[in-house]
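Visitor: Use these hints to put chain B onto chain A, whose structure you have.
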Amino acid sequence: MTTTSSGQAHAGAPRSADHRLSMDELAAVIARDIPAGAFVNLGIGQPTKIADHLPADSGVVLHTENGMLNMGPKAEGDAVDPDLTNAGKVPVTELPGAAYFHHADSFAMMRGGHLDVCVLGAYQVAVNGDLANWHTGKPDAIPAVGGAMDLAIGAKDVYVMMTLFTRSGEPKLVPRCTYPLTGVGCVSRVYTDCGVFDVGPDGVRIRQTFGIGAHELAERLGISGDSPGRM
Amino acid sequence: MSRAEIVESADAAVAGIEDGSTVLVGGFGLAGMPFDLIEALIRQGAKDLTIVSNNAGNGDVGLAALLAAGRVRKVLCSFPRQADSWVFDGLYREGKIELEVVPQGNLAERMRAAGAGIGAFYCPTAVGTPLAEGKEVREIDGRTYLLEYPIKGDYALIGAHVADAMGNLVYRKTARNFGPVMATAATTTIVQVDEVVEPGKLDPEAIVTPSIYVDRVVPVKTRHYTVQGAR
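Each protein sequence line maps, in turn, to chains A and B.
The numbering of the first sequence is my numbering, which starts it at 1006 and goes up by one.
The numbering of the second sequence is my numbering, which starts it at 2 and goes up by one.
Treat each hint with caution, since some may be false.
Part of the chain A face toward chain B, derived, beta carbon under 8 Å [said to hold, decoys possible]:
| hint | residue |
| --- | --- |
| 1 | Asp1086 |
| 2 | Asp1088 |
| 3 | Lys1094 |
| 4 | His1108 |
| 5 | Ala1109 |
| 6 | Gly1151 |
| 7 | Asp1155 |
Taking lysine-lysine and the DSS-like style, the derived pairs with C-alpha atoms no more than 25 Å apart in a straight line are [unchecked claim]:
| hint | chain 1 | residue 1 | chain 2 | residue 2 |
| --- | --- | --- | --- | --- |
| 8 | A | Lys1143 | B | Lys75 |
| 9 | A | Lys1177 | A | Lys1054 |
| 10 | B | Lys75 | B | Lys48 |
| 11 | B | Lys153 | B | Lys75 |
| 12 | B | Lys136 | B | Lys153 |
| 13 | A | Lys1161 | A | Lys1177 |
| 14 | A | Lys1177 | A | Lys1143 |
| 15 | B | Lys97 | A | Lys1143 |
| 16 | B | Lys136 | A | Lys1143 |
Over 12 Å on every C-beta distance to chain B, these chain A residues come out as not near it, computed from the model [what the hints assert, rightly or not]:
| hint | residue |
| --- | --- |
| 17 | Ala1033 |
| 18 | Asp1038 |
| 19 | Pro1040 |
| 20 | Gly1042 |
| 21 | Ala1061 |
| 22 | Ser1063 |
| 23 | Gly1064 |
| 24 | Gly1126 |
| 25 | Pro1176 |
| 26 | Ser1193 |
| 27 | Glu1221 |
| 28 | Gly1227 |
Derived from the structure by calculation, the hints contain no laboratory data.
Keep in mind the model is a prediction, meaning the values are calculated, not measured.
Here a beta-carbon is modelled for each residue, glycine too, at the ideal position from N, C-alpha and C.
If we strip away everything but chain A, and leave its shape as in the complex, we get (with noise of 0.2 Å):
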């Protein structure tokens, strides 16, 4: 399967696909902005998609905030063992060189700055890196923080893989958040079907679009013409 980059750009440079990406897609997008070697926290949800298109030899460490490092698979048949799950509660395996650990250690991994990337889903990015994915606000909604505010202040790099618009079409990158924030300026890039973002204290930059028009995808989200880091 073929993906996204419609050329080989120079570094920096929008690139486009004739398409708008399906999650999967998207997640090899994300596979191939990974470092090669990095320690890396993979959010519940879309974000596991991402680690099936991690080349064999990119030797990318898993870190679970349930305490393990170096991560395998999901577990099928005889190989699931009801001690042994990710931090979605899914049954997982573990590759050699994997290590256990409690969960203050786990937590201060990322807090302390040693985990690389982690990647997390969203119902609100802002354009100054603001995040919003723990809480829809709703009066009625009980509400369940788990790991996503650690995670969100913890990795070097936060990465955000959403789709861009809510199915009623309303954006998800925004200029403020209205939902509940999950953590402050912590967002770094937005990978959306749509397109990828740079995000952060200078406004929002378009890295690449898919099957939309840079100046349309402008458009639709109200980034100005004149300075396409505003919003």
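Guide: Relative to chain A, chain B alone:
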């Protein structure tokens, strides 16, 4: 008595837990959950309990059964809402149980602090989010932190893999999770293990929880949990 006691039954292990106690309960989902101790606690009858655990029960067993029996006043946890947390969800919506949502890393570190004699600590997790409300904020070396207080237990109920007769513990894979931290943070630490062996049979280099943290150990013959796809 400071030396660990090996007891014959889970009922003997939980004897004396008083009404109103704060009980730390190990496990991440089902992995490491001390089911036999929880079932014994239900039979024992202590009520008005505050439970500290990552989740708020799964299905109708373990913590969920303790909640359903009306023994729990308050839950401190990171992730109460799960696909199968209907017991907690019902009690919460009826206003029959208090909830304090704590980010997972803070839950672990606050117990670590309690076990290590730390009075409080500054932590970057949750800065700028709704969970920062009411917490002291401080800037140190250009970064913003929140003041977090220890969580100390009257009792810890944890699951480990093997104990020696001294009370030294080793765990199995990701079932380790909160066990080692909770063992340090409670006045009385009660452990269920798969097996108790003679002192000297465990490699001293591989001990995860040294016996000084352990008060009562009960060997249980059976595992009471499985995961989807297991067996």
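Visitor: Hint by hint, note whether the structure agrees.
Guide: Here is how each hint holds up against the structure:
1. Hint status for Asp1086(A): holds, given a least beta-carbon distance of 7 Å to chain B, under 8 Å.
2. The interface hint given for Asp1088(A) holds, since its Cβ lies 4 Å from the closest Cβ of chain B, which is under the 8 Å cut-off.
3. The interface hint given for Lys1094(A) is met, as the beta carbon of that residue sits about 4 Å from the closest beta carbon of chain B, less than 8 Å.
4. Hint status for His1108(A): holds, given a least beta-carbon distance of 4 Å to chain B, under 8 Å.
5. The restraint placing Ala1109(A) at the interface with chain B holds, with a minimum CB-CB distance near 4 Å, inside the 8 Å limit.
6. A cut of 8 Å between beta carbons decides the hint on Gly1151(A): the least distance to chain B is about 4 Å, and the hint holds.
7. Annotation: interface hint on Asp1155(A) holds; nearest CB of chain B at approximately 3 Å, less than 8 Å.
8. Of the pairs offered as hints, the one joining Lys1143(A) and Lys75(B) holds, with about 22 Å between alpha carbons and a cut-off of 25 Å not exceeded.
9. A C-alpha spacing of about 21 Å is found between Lys1177(A) and Lys1054(A), which places the hinted pair at or below 25 Å, so the restraint holds.
10. Distance restraint check for Lys75(B) and Lys48(B): the Cα-Cα separation of roughly 11 Å lies within the 25 Å cut-off, and the hinted pair is therefore satisfied.
11. The hinted pair formed by Lys153(B) and Lys75(B) meets the criterion: a straight-line CA distance of about 15 Å does not exceed 25 Å.
12. A distance of roughly 19 Å separates the Cα atoms of Lys136(B) and Lys153(B); the hinted pair therefore holds under the 25 Å criterion.
13. Annotation: proposed proximity of Lys1161(A) to Lys1177(A) holds, straight-line Cα distance about 23 Å (limit 25 Å).
14. The straight-line distance between the Cα atoms of Lys1177(A) and Lys1143(A) is roughly 17 Å, inside the 25 Å bound, and the hint therefore holds.
15. For the hint linking Lys97(B) to Lys1143(A), the alpha-carbon distance of about 20 Å falls within 25 Å, and the restraint holds.
16. For the given pair, Lys136(B) sits about 23 Å from Lys1143(A) by alpha-carbon distance, which is consistent with the 25 Å threshold.
17. Remark: the non-interface label on Ala1033(A) is consistent with the geometry, its nearest Cβ contact in chain B lying 27 Å away (cut-off 12 Å).
18. Distance to chain B confirms Asp1038(A) as a non-interface residue, since its nearest Cβ pair spans about 25 Å, more than 12 Å.
19. A cut-off of 12 Å between C-beta atoms confirms that Pro1040(A) is not in contact with chain B; the least separation is 24 Å.
20. For Gly1042(A), the shortest C-beta to C-beta distance to chain B comes to about 23 Å, beyond the 12 Å cut-off, and the non-interface label holds.
21. Look at Ala1061(A): its CB is around 23 Å from the nearest CB on chain B, clear of 12 Å, so calling it non-interface holds up.
22. Non-interface status of Ser1063(A) relative to chain B is upheld: no Cβ of that chain comes within 12 Å, the nearest being about 23 Å off.
23. No Cβ of chain B comes within 12 Å of the Cβ of Gly1064(A); the nearest lies about 22 Å off, and the non-interface call holds.
24. At the 12 Å boundary, the C-beta of Gly1126(A) stays outside the reach of chain B, the nearest C-beta of that chain being 15 Å off.
25. In this structure Pro1176(A) is separated from chain B by more than 12 Å, as the shortest Cβ-Cβ distance comes to about 22 Å.
26. For Ser1193(A), the condition that its CB be more than 12 Å from all CB atoms of chain B holds, with the nearest at approximately 16 Å.
27. Listed as outside the interface, Glu1221(A) is consistent with that label: its C-beta sits roughly 33 Å from the nearest C-beta of chain B, beyond the 12 Å cut-off.
28. At roughly 24 Å, the least C-beta separation between Gly1227(A) and chain B is larger than 12 Å, which holds for a residue marked as non-interface.
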